[in-house]
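Asker: Model the full assembly from the supplied sequences, consistent with the hints where possible.
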Amino acid sequence: MLQVQNISFSYDSKRVIKQMNFTIQKGQNIAIIGESGCGKSTLLKLIYGLYDLDEGQIFWDETEVLGTKFNLVPGMSFMKYLSQDFDLMPYITVAENVGKYLSNVNIEKKQQRIQELLDIVEMSDFANVKAQYLSGGQQQRVALARVLALEPEVLLLDEPFSQIDNFRKNALRRNLFAYLKSRGITCIVATHDSTDSLSFAEETIVLQDGEVIAKANSLELYKKPLNKYIASLFGEVNELKKSQFSEIDGEDEALFLYPHQLKIIDNGSLKAIVKQSYFKGSHYLIKAVANRNVIFFDHNSELEVNVEISLGL
1 MLQVQNISFS YDSKRVIKQM NFTIQKGQNI AIIGESGCGK STLLKLIYGL
51 YDLDEGQIFW DETEVLGTKF NLVPGMSFMK YLSQDFDLMP YITVAENVGK
101 YLSNVNIEKK QQRIQELLDI VEMSDFANVK AQYLSGGQQQ RVALARVLAL
151 EPEVLLLDEP FSQIDNFRKN ALRRNLFAYL KSRGITCIVA THDSTDSLSF
201 AEETIVLQDG EVIAKANSLE LYKKPLNKYI ASLFGEVNEL KKSQFSEIDG
251 EDEALFLYPH QLKIIDNGSL KAIVKQSYFK GSHYLIKAVA NRNVIFFDHN
301 SELEVNVEIS LGL
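First residue of the sequence shown? That's 1 in the numbering used here, and the numbers climb one at a time after it.
By construction, these hints were calculated from the structure, which means they are not laboratory data. Check before you lean on any hint, since a few could be wrong.
Below, computed lysine-lysine pairings styled on DSS-like, alpha-carbon distance capped at 27 Å [as the list claims (entries may be wrong)]:
#1 K224 with K241
#2 K169 with K215
#3 K18 with K224
Answerer: Written out as structure tokens, the structure is:
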């Protein structure tokens, strides 16, 4: 189990991680989400031991994660960390990069392991190509294979699919997370892509201004966001009032609604003026204005601009 206990960290005088507390069970896949600059990448580096904490402690089971004051070579041996710059060696081949830290005692076994990893990231056809000739997305896939080579207990991934084409990204995610789950490898992914959280992470940690503001089951967090900030990390969101849809008794509850949760109805109480339609493939995302507030909702066809419509849940 990973235990993060009251940790804080500063760059110079600016505190970027503030009194964080959470635990992660072995074998879990956890997503860390939040706006740019909220501390996602820094948190991964602290968990790996690349920096020294100002306060608090981090443990993996009974082993304390220690930073550069205690380790000549930073980082914990039972963890692997994939940063956003990949850190490949440009003048050796893809296969050589992946097998760089594998033992040469049994060459046949080493080659089989390299082939297995290249199959997972769909880079087998590039095994003999030097890394310098690869695209950014291809380098990212090779880097993923390399951090898996020695099968760490904990895998830390910082935006691991950011440069990979969408058509290949989905298959790669399925292959990677299925592999990690089958081997019981704990994985923590810092990401801007809500798919990493909703489709593959059992739990999601939400950061804001260096603090953990939520840690919960990914589906529950999506369905019942605590505030608009959390909801907005999963896509477009509307902040509306319950009274805009029905009569209420007592406090007027705030509703955080995704576009698919609104639809055009006859004689609805929420009136809006259509401003723009965006084609999304399976549907249109409609931008409308109600009482000077922008509202987004999904519709099966394009709508005429400046037409008044009424919306319901």
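Asker: Does each hint hold? Answer for all of them.
Answerer: Status of the hints after comparison with the structure:
no.: 1; hint: K224 with K241; result: holds, 15 Å
no.: 2; hint: K169 with K215; result: holds, 26 Å
no.: 3; hint: K18 with K224; result: holds, 25 Å
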